[in-house]
Amino acid sequence: MEAKEHKFHREEGFPWKHILGLFLSLLLTAIAFWLALATHQPPALVITIIVILGVGQLLVQLYMFMHFTESDDRAWQVPALYFGLFIVFCVVGGSIWIMTFKSIVA
Amino acid sequence: MHGVVNWAVHFFMLDEGPLIWLSDFLIICASLGILAVLTKFRLWKWLWDEWLTTVDHKKIGIMYMIAAILMLFRGGTDGLLMRAQLAWPNMHFLNADHYDQIFTTHGTIMILFMAMPAIIGFFNVAVPLQIGCRDVAFPYLNAISFWLFFFAALLFNLSFVVGGSPDGGWTSYPPYVENQFDPGPGENYYLVALSITGIGTIATGINFLVTILRMRAPGMTFMRLPMFTWSVFVTSVIILFAFPVLAVALALLLIDRDFGSHFFTVDGGGAPMQYVNLFWFWGHPEVYIVILPAFGIFSEVISTFSHKRIFGYSAMVVSMVAIAILSFITWVHHFFTMGAGPGVNSFFGVSTMAIAIPTGVKVFNWLFTMHKGRIEFKTAMLWAIGFIPNFLIGGLTGVMLAVPPADYQYHNSYFLIAHFHYVLIGGTVFGVFAGLYYWWPKMFGVLLNEKLGRWHFWTFMIGFNVCFFPQFFLGFMGMTRRMYTYPAGYGWGVVNLISTIGAFLMGVGFIILVYNILWSARYGERDVTGDPWDGRTLEWATTSPAPHYNFAIIPTVKGRDAWWLMKQNGESINGPKGVPFRPIHMPNNSGRPFIMSLFFFILGAGFVFQWWILAIIGFVGVLVCMAQRSFEYDDSHYIPVEEIEKTEAAAGRL
Numbered sequence: 000m001e002a003k004e005h006k007f008h009r010e011e012g013f014p015w016k017h018i019l020g021l022f023l024s025l026l027l028t029a030i031a032f033w034l035a036l037a038t039h040q041p042p043a044l045v046i047t048i049i050v051i052l053g054v055g056q057l058l059v060q061l062y063m064f065m066h067f068t069e070s071d072d073r074a075w076q077v078p079a080l081y082f083g084l085f086i087v088f089c090v091v092g093g094s095i096w097i098m099t100f101k102s103i104v105a
Numbered sequence: 000m001h002g003v004v005n006w007a008v009h010f011f012m013l014d015e016g017p018l019i020w021l022s023d024f025l026i027i028c029a030s031l032g033i034l035a036v037l038t039k040f041r042l043w044k045w046l047w048d049e050w051l052t053t054v055d056h057k058k059i060g061i062m063y064m065i066a067a068i069l070m071l072f073r074g075g076t077d078g079l080l081m082r083a084q085l086a087w088p089n090m091h092f093l094n095a096d097h098y099d100q101i102f103t104t105h106g107t108i109m110i111l112f113m114a115m116p117a118i119i120g121f122f123n124v125a126v127p128l129q130i131g132c133r134d135v136a137f138p139y140l141n142a143i144s145f146w147l148f149f150f151a152a153l154l155f156n157l158s159f160v161v162g163g164s165p166d167g168g169w170t171s172y173p174p175y176v177e178n179q180f181d182p183g184p185g186e187n188y189y190l191v192a193l194s195i196t197g198i199g200t201i202a203t204g205i206n207f208l209v210t211i212l213r214m215r216a217p218g219m220t221f222m223r224l225p226m227f228t229w230s231v232f233v234t235s236v237i238i239l240f241a242f243p244v245l246a247v248a249l250a251l252l253l254i255d256r257d258f259g260s261h262f263f264t265v266d267g268g269g270a271p272m273q274y275v276n277l278f279w280f281w282g283h284p285e286v287y288i289v290i291l292p293a294f295g296i297f298s299e300v301i302s303t304f305s306h307k308r309i310f311g312y313s314a315m316v317v318s319m320v321a322i323a324i325l326s327f328i329t330w331v332h333h334f335f336t337m338g339a340g341p342g343v344n345s346f347f348g349v350s351t352m353a354i355a356i357p358t359g360v361k362v363f364n365w366l367f368t369m370h371k372g373r374i375e376f377k378t379a380m381l382w383a384i385g386f387i388p389n390f391l392i393g394g395l396t397g398v399m400l401a402v403p404p405a406d407y408q409y410h411n412s413y414f415l416i417a418h419f420h421y422v423l424i425g426g427t428v429f430g431v432f433a434g435l436y437y438w439w440p441k442m443f444g445v446l447l448n449e450k451l452g453r454w455h456f457w458t459f460m461i462g463f464n465v466c467f468f469p470q471f472f473l474g475f476m477g478m479t480r481r482m483y484t485y486p487a488g489y490g491w492g493v494v495n496l497i498s499t500i501g502a503f504l505m506g507v508g509f510i511i512l513v514y515n516i517l518w519s520a521r522y523g524e525r526d527v528t529g530d531p532w533d534g535r536t537l538e539w540a541t542t543s544p545a546p547h548y549n550f551a552i553i554p555t556v557k558g559r560d561a562w563w564l565m566k567q568n569g570e571s572i573n574g575p576k577g578v579p580f581r582p583i584h585m586p587n588n589s590g591r592p593f594i595m596s597l598f599f600f601i602l603g604a605g606f607v608f609q610w611w612i613l614a615i616i617g618f619v620g621v622l623v624c625m626a627q628r629s630f631e632y633d634d635s636h637y638i639p640v641e642e643i644e645k646t647e648a649a650a651g652r653l
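Residue numbers (numbering that gives the first Met the number 0), protein chains in the order written: chain A, 0 to 105; chain B, 0 to 653.
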């Protein structure tokens, strides 16, 4: 309602940050596709690079689009990010652990 | 010409027999009936202005509830068809294909299109009022969430009469659901509809998370939040972290089916078990997504009708947070029999049993809340009291299933079926019914009839136990899940017949509920006070139904059970007398959420039938809607002071 309630919701000229973010995220996606489809590197190497690109994508999203560094009250995004890390640990670490049986039974 | 006719007959499933013809006939009659009523009473404009374009959380909540009750009818009919087929050995009322389709749609509809909209409906009905704000944080997004759910449900239900229903079970495990074994549009319907409604659900999670974090009334600290709002907060966190995993699993499977990749196939380096793993990483938290808000409803109902504040408030909060965290580390108990090894299975067995501890804390807190209270046995309270023993049976059999060696014995037997129906019906559905009777006056300004409510409670509760308790024994006797018929001589016949009788008794209970709704709309007692139960939380401080802006002046909260405190101190919800009203800033209605979701429906239909031109039309439509929204600057209005004064005077609050 009043301007002070929307400290970060103001027009700042042309949204260069968002445009840059858009192109960066498209570029990272394109590199991943190119690696998977057009190069013939060993899968382990391709997967490692794609994971690194994925982390880059995450940072682009957090900084360029999700206003990660902005807060006018308490920084709720910080505990949310910690919980997110916990979930990532569960889903990635857990899946690797659970699916190891495949290599044993194979 | 002949080819086209053949194609159409097959496409519209006219070669599938009388069940489909009857459904076609009923669908056409119902649709024509709705169109005729809307036209005859000139309701089209009203429908568009008041409902289809609304961004008001109260109306969106009502639409969610109506959709949930309709889907309860659809899913319940599926259930009754299954019980009819299983009533006696060697029955051929349904053939195997039809039975497979019906158990798939029963499960999917009940979880995703009945339980989810019902609980999200209560989020909308109660949360903004409970925390003393005027709408959710993102009202426009809230409308998008609803319409995405609505069109996804429509798409999913269409599968019954167009192209064929999915038949891979509600879990849709590969490799069976891959094209090689299960061609046709059926499974695509499942994947696309769940993806679309999933987008809406994630948006809802974000919406309520932000609403509760940022829009609480002054003084409404976290440890003063009503228990239902706490449960919604915790649930929103689970939604936010669980649903993206489902979205990924469904998308990968859809890419397998539509574009021939090999994520989950048996050949080409695919790993079918990885789908199972990802599905349950969402699937287990999903169980808590539908049960925690029900816990919240029971906390409100038990506290209100015992006329006491909730016992052990902080223990309740801590146990809900503990359940939320534990819910993410128990998922393997759904597939112990995959054989991931003793290390994995022991860990997940123990983590599953650990959930019984915070749940037990909550059960004892509800009992102690009732202890020495002046209990009023209204229908909502009956559901809450009925919930405790029924949910206990479900919970304890869950702990039995959590023991991996024992689970190898009753995995996917009727013991499991009985277990999860005891938690989902005894927990979630009882919670939804309790919430309906409790918040009905707040939603519509009319109380549901108590006498019919009692009939509804007893028929449904007895029917539920008659239906599902015998199934524990069927499981021990060796009857497995998803079998469409069975030979005589196993001793299953009579037990199944009893179960079927119970199922139809539940159907009677549902009909009584519908009759109660219709009866009360016409003859029901009007709620003139806005506080029919002598309530404790802020939603009872305003009129029933609440005015468009909820609160003329945002209340200041001085403690837990804020409205109870105000009543004790003789305070008005509008604060001290003579404080002038100020214009209230409200979001504008918009038709775009409806139109954009319609384009999502078109996009989804394109993916179902692999008609790519249709998919592109839908996709472009979605993008255009998003672009239009980006350039919409005039999206809100002010309610002038005179209008607020008029409304408040009519409510007797001046």
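Hints may contain errors.
Said to hold, decoys possible - To give a feel for the contact side, a few chain B residues facing chain A, derived at Cβ under 8 Å:
| hint | residue |
| --- | --- |
| 1 | F10 |
| 2 | L212 |
| 3 | M214 |
| 4 | L325 |
| 5 | A339 |
| 6 | V343 |
| 7 | N568 |
Unchecked claim - On the chain B side, residues computed to face chain A include the following (Cβ under 7 Å):
| hint | residue |
| --- | --- |
| 8 | F240 |
| 9 | N276 |
| 10 | F280 |
| 11 | F327 |
| 12 | G340 |
| 13 | V398 |
Since the hints were made in silico from the structure, they are not lab data. Cβ atoms here follow ideal geometry from the backbone N, Cα and C, with glycine treated the same way.
Verification of the supplied hints:
| no. | hint | result |
| --- | --- | --- |
| 1 | F10 | 35 Å, violated |
| 2 | L212 | 5 Å, holds |
| 3 | M214 | 11 Å, violated |
| 4 | L325 | 11 Å, violated |
| 5 | A339 | 5 Å, holds |
| 6 | V343 | 5 Å, holds |
| 7 | N568 | 29 Å, violated |
| 8 | F240 | 5 Å, holds |
| 9 | N276 | 6 Å, holds |
| 10 | F280 | 6 Å, holds |
| 11 | F327 | 5 Å, holds |
| 12 | G340 | 5 Å, holds |
| 13 | V398 | 21 Å, violated |
The earlier numbered hints that this structure contradicts are 1, 3, 4, 7, 13.
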